[in-house]
Amino acid sequence: MARARVEQPTASGSTLISMVGLGIAFLLLMAFLNVVKTGSLLTDTNLLYAALIFYVGAATLDLGFGITGTESYLTFASYATWAGLAANTGAVAHRWYEAGHPPFASIYEMLLSFVWMLAVLTLVAEKKYGVKVIGTVTMPVAIVGVVLMQLLRTDVRPLVPALQSTWLHVHVTLAMLAYAACALSFALAMMFLIQDRLPTETFLAATSLATIGIYAGILTRFEKWGGLNVAAWNAEEKSEVFISRGVRLFVTIPDLGWLMLLVAFAVAAPFALYLLARAKKDERFLVLANRAVFLSILLQVLALLTFLLRTRNGQYASLDAEGLYATSLAASPFILSGLVGGIFTSLMYLLLLWRRADLERALPSAENLDRITYKTICIAFPLLTLMIAAGAYWANRTWGAYWSWDPKETWAAITWLVYAGYLHMRVTRGWRGRRAAYFAILGFMVVMFTFFGVTYLLPGLHAYA
Amino acid sequence: MAAGFGSIRHKAWQTLSSIKTGVVLLILVVIVSALGTIVLQRPVTEADELQRAYSPQMLRIFDALGLTDVFHSWWFVALLVLVSLSIVAASVDRFPNAWRFFARPYKYPDESFRKTLRSQVQVAVPDQETGLRAFERALERIGFSSQRVERDGRSSIFSERHRISVMAVYIVHASLLLIFLGGIIDAMWGWRGFMSLNQGQQSNQIEMHDGAHRALPFAIRCDSAGQERYADGTPKKWWSKLAVVRDGQDVERKEIVVNDPLVYKGVRFYQASYGTTDKVDQLLLTAMPADGQGQARELTLEPNQAETLDADTTVQLAEFIPDYVVRDGQVYTRSKDVQNPAVRLVVASKKSGKQLNYWIPAIEGIADNAASPYRFDPKDLKMGYFTGLEVSHEPGQWGVWAGAVLMGIGLTLVFYISHVRIWAVPVQDAAGRPALWVGGIANRNRDAFEAHFEELRGKLSEELKEQRKLRFEAKDREPEELLAIAAK
Numbered sequence: 000m001a002r003a004r005v006e007q008p009t010a011s012g013s014t015l016i017s018m019v020g021l022g023i024a025f026l027l028l029m030a031f032l033n034v035v036k037t038g039s040l041l042t043d044t045n046l047l048y049a050a051l052i053f054y055v056g057a058a059t060l061d062l063g064f065g066i067t068g069t070e071s072y073l074t075f076a077s078y079a080t081w082a083g084l085a086a087n088t089g090a091v092a093h094r095w096y097e098a099g100h101p102p103f104a105s106i107y108e109m110l111l112s113f114v115w116m117l118a119v120l121t122l123v124a125e126k127k128y129g130v131k132v133i134g135t136v137t138m139p140v141a142i143v144g145v146v147l148m149q150l151l152r153t154d155v156r157p158l159v160p161a162l163q164s165t166w167l168h169v170h171v172t173l174a175m176l177a178y179a180a181c182a183l184s185f186a187l188a189m190m191f192l193i194q195d196r197l198p199t200e201t202f203l204a205a206t207s208l209a210t211i212g213i214y215a216g217i218l219t220r221f222e223k224w225g226g227l228n229v230a231a232w233n234a235e236e237k238s239e240v241f242i243s244r245g246v247r248l249f250v251t252i253p254d255l256g257w258l259m260l261l262v263a264f265a266v267a268a269p270f271a272l273y274l275l276a277r278a279k280k281d282e283r284f285l286v287l288a289n290r291a292v293f294l295s296i297l298l299q300v301l302a303l304l305t306f307l308l309r310t311r312n313g314q315y316a317s318l319d320a321e322g323l324y325a326t327s328l329a330a331s332p333f334i335l336s337g338l339v340g341g342i343f344t345s346l347m348y349l350l351l352l353w354r355r356a357d358l359e360r361a362l363p364s365a366e367n368l369d370r371i372t373y374k375t376i377c378i379a380f381p382l383l384t385l386m387i388a389a390g391a392y393w394a395n396r397t398w399g400a401y402w403s404w405d406p407k408e409t410w411a412a413i414t415w416l417v418y419a420g421y422l423h424m425r426v427t428r429g430w431r432g433r434r435a436a437y438f439a440i441l442g443f444m445v446v447m448f449t450f451f452g453v454t455y456l457l458p459g460l461h462a463y464a
Numbered sequence: 000m001a002a003g004f005g006s007i008r009h010k011a012w013q014t015l016s017s018i019k020t021g022v023v024l025l026i027l028v029v030i031v032s033a034l035g036t037i038v039l040q041r042p043v044t045e046a047d048e049l050q051r052a053y054s055p056q057m058l059r060i061f062d063a064l065g066l067t068d069v070f071h072s073w074w075f076v077a078l079l080v081l082v083s084l085s086i087v088a089a090s091v092d093r094f095p096n097a098w099r100f101f102a103r104p105y106k107y108p109d110e111s112f113r114k115t116l117r118s119q120v121q122v123a124v125p126d127q128e129t130g131l132r133a134f135e136r137a138l139e140r141i142g143f144s145s146q147r148v149e150r151d152g153r154s155s156i157f158s159e160r161h162r163i164s165v166m167a168v169y170i171v172h173a174s175l176l177l178i179f180l181g182g183i184i185d186a187m188w189g190w191r192g193f194m195s196l197n198q199g200q201q202s203n204q205i206e207m208h209d210g211a212h213r214a215l216p217f218a219i220r221c222d223s224a225g226q227e228r229y230a231d232g233t234p235k236k237w238w239s240k241l242a243v244v245r246d247g248q249d250v251e252r253k254e255i256v257v258n259d260p261l262v263y264k265g266v267r268f269y270q271a272s273y274g275t276t277d278k279v280d281q282l283l284l285t286a287m288p289a290d291g292q293g294q295a296r297e298l299t300l301e302p303n304q305a306e307t308l309d310a311d312t313t314v315q316l317a318e319f320i321p322d323y324v325v326r327d328g329q330v331y332t333r334s335k336d337v338q339n340p341a342v343r344l345v346v347a348s349k350k351s352g353k354q355l356n357y358w359i360p361a362i363e364g365i366a367d368n369a370a371s372p373y374r375f376d377p378k379d380l381k382m383g384y385f386t387g388l389e390v391s392h393e394p395g396q397w398g399v400w401a402g403a404v405l406m407g408i409g410l411t412l413v414f415y416i417s418h419v420r421i422w423a424v425p426v427q428d429a430a431g432r433p434a435l436w437v438g439g440i441a442n443r444n445r446d447a448f449e450a451h452f453e454e455l456r457g458k459l460s461e462e463l464k465e466q467r468k469l470r471f472e473a474k475d476r477e478p479e480e481l482l483a484i485a486a487k
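These protein sequence lines map, in sequence, to chains B and F.
Residues in the first sequence are numbered consecutively from 0, following numbering that gives the first Met the number 0.
Residues in the second sequence are numbered consecutively from 0, following numbering that gives the first Met the number 0.
It should be emphasised that the hints constitute simulated quantities derived from the structure, not laboratory data.
If you're wondering where the values come from, they're calculated on a predicted model, not measured in any experiment.
Straight-line alpha carbon distances no greater than 27 Å define the calculated DSSO-like cross-link-like pairs of lysine-lysine that follow: (1) K407/B to K235/F; (2) K381/F to K236/F; (3) K278/F to K335/F; (4) K278/F to K378/F; (5) K114/F to K458/F; (6) K19/F to K374/B; (7) K407/B to K236/F; (8) K335/F to K381/F; (9) K253/F to K240/F.
Partial selection, computed: residues in chain B whose CB lies under 10 Å from chain F: (10) F380; (11) P381; (12) Y392; (13) G399; (14) Y401.
Backbone N, C-alpha and C fix where the C-beta goes; we use that ideal spot for every residue, glycine too.
Just need the whole structure built from these sequences, with the hints factored in.
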């Protein structure tokens, strides 16, 4: 019986692997035929496209493992990641060569480097620490990154004077490394909680809260009578429309606000049901909550599609200026990544709900994960420190002040303090296991707020990033 | 009474030096600084924006609480000082123990300590001295130095590496204090201001951010300034050639660009802004004799400098109006923006001493253009430049940078270097045969240490095997040597 169970998925395993393999080959061939006509083959855009194909292949295989539990998928997913990384490295190198400076100057270039870093760390986690399923988390993030890049302007733009500094490159490189290490520690802490037998419904509450947070963030752009404010976009200039220096023009997409509000209620429903289940001690509410997650995914997909369609076409009015303006996906990268991230978070929960036993088999032991999480933070913390120091030094050379308490700086300091707190608790108070994992998760949330929230919600000097 | 006071002092010290206090203070710093990023801050926000964002009552409450300028409020500074004191107290409280540990390493492990070690092993040896020697060689082979410890007439081995790692935490704390110290010095004695210089102008006056003025003991002169643009028009580089003037003499010169300031006596001058003034720098024009005979010639006029046209006639750029308007037969300046410029040239004749005003453009009723012996055609107008310099004096910044470097070193020591100690003590096994007990411990990265310890153990058994082989060989050789001696 056990034999049959093992053999049966293996058979379907080779089907998926060969399908993914053929798919990759087909897409690469099509892309090649398309490129041969236009001439230059190895540009960063083309290489990035190749990387995207491989990453999609890897993510498909990772998800395939999630659904069927076939171990050989993971091996091939790893090969696909290697191939994707090779193409991605080429893209980074080409960009660097063409621009003449390390690729950290624009959002496009930073995403390029970030995705590269993510792929490297994924392989490190797989090979060195044996966390084979990490790709299930990181590959979809990489895909979102590459897709976002397709929306942004890719031409090499000259650097404004303040950005022409080696220290800036040092600062941004360190930031990328540190944030990637923090992201990894977060994923590892989550896996620890899975191995530590944290009840699945707790994950339900957490994922639901995360999506509530995302939609709350999006709803800060809610405009009276159900509209949603997005930045206006000038298609010819390929840039946002500015009313005055650093102040973007916002246009209101009618009715989209209502939809977002509806979806916000939908993603809040599982959490409400979870609370109800706890209050009444009734398991039936949890079953309902799981159904609600499924429903919320459908609604989230609807929200994403509506958002895609409405931003691509149409002219919208603004409260701050006369006339109609167009917008674009590129004008709202944060809303887009929020929407995609929300779907992704809910999907991860469903994966856990359906495949917990397989995940537990594929993951290292709780004790190992706890230790690796700590080690990752031991890498992240000095990087954070150096990142802040390099940033301060650059600011001092450019503006004459090493610290001006602007929101990004302050939040970087807060991030640093949170991780310092983690280390003190671990070393002097012997915090291990769950408490440490929660602390690591908190740290990464602060990182996310520093990275996205500050740029999106708070004003400041870091207008470039 | 005195005892009571003493106990209060003791309690206060205990509270201040406890980790709990430190953590509570840090959480407070986190909350307060987060608030400071959410509430709009006065120093970086326009007044009307604040009024738009908050109702007057709200604003009054925020102001009263200091929330509109968190990072400069006395209570925030007090909080940071408390954090520093807590770090100092915690370090002082724990330092003596750590120092004892550092200064007097524990070289001979007693039996109860030996039992607690996770990494330990006991191997059989032919005799105590052979065992110790074999272990010394094994240590050498994995790159550890060792020392013999003689105690009660018995020999044992102690080996360690990176003892400094024990003190690393204090290095990190000290670096943090150094950074704070630098910040406090800058907050007390540092200042920031702005200085705007026209080309060729010299000044020692600095406009402070709070509106006050400050005079420097030396002056700065801007010799020239300019900008370069990329092909698409975005600015590529702003530069200014500056000179430091002291007692009428140039003591230093430098061309500064955005990321590269001029530093003189601890005062830094940064390229902050750049633009054109309402003053003209050069006017390019062609002069053509009015009677149409002779060649047109190109002229470059600078303000108030006479240019000779022929033996009799000179021309001078007398007046420049960036944005002129004519009313009631008078020329007025409407604004300082170069929108509608007018130039008054004075054409003078030496012989007759007659002067006439030549206006470009020819303003009717005012200009004497018709009477001029020359006609002038404007070709190009080069406006004067000003350069905006951010000026700062941060005497404490060296503390900050030294602290940052020290922290980098400290953190490296904390995270990547572990204090490893290994002991070897001759013992006897249960049957009374000689054995060597070997044990070790690392203060962090224990997995790596365990792997190391295993390697050491392998090397030790290799060495012991080698010893045994040598012994057998010696035994074999002995009779032969004896025979050889006997043969002699």
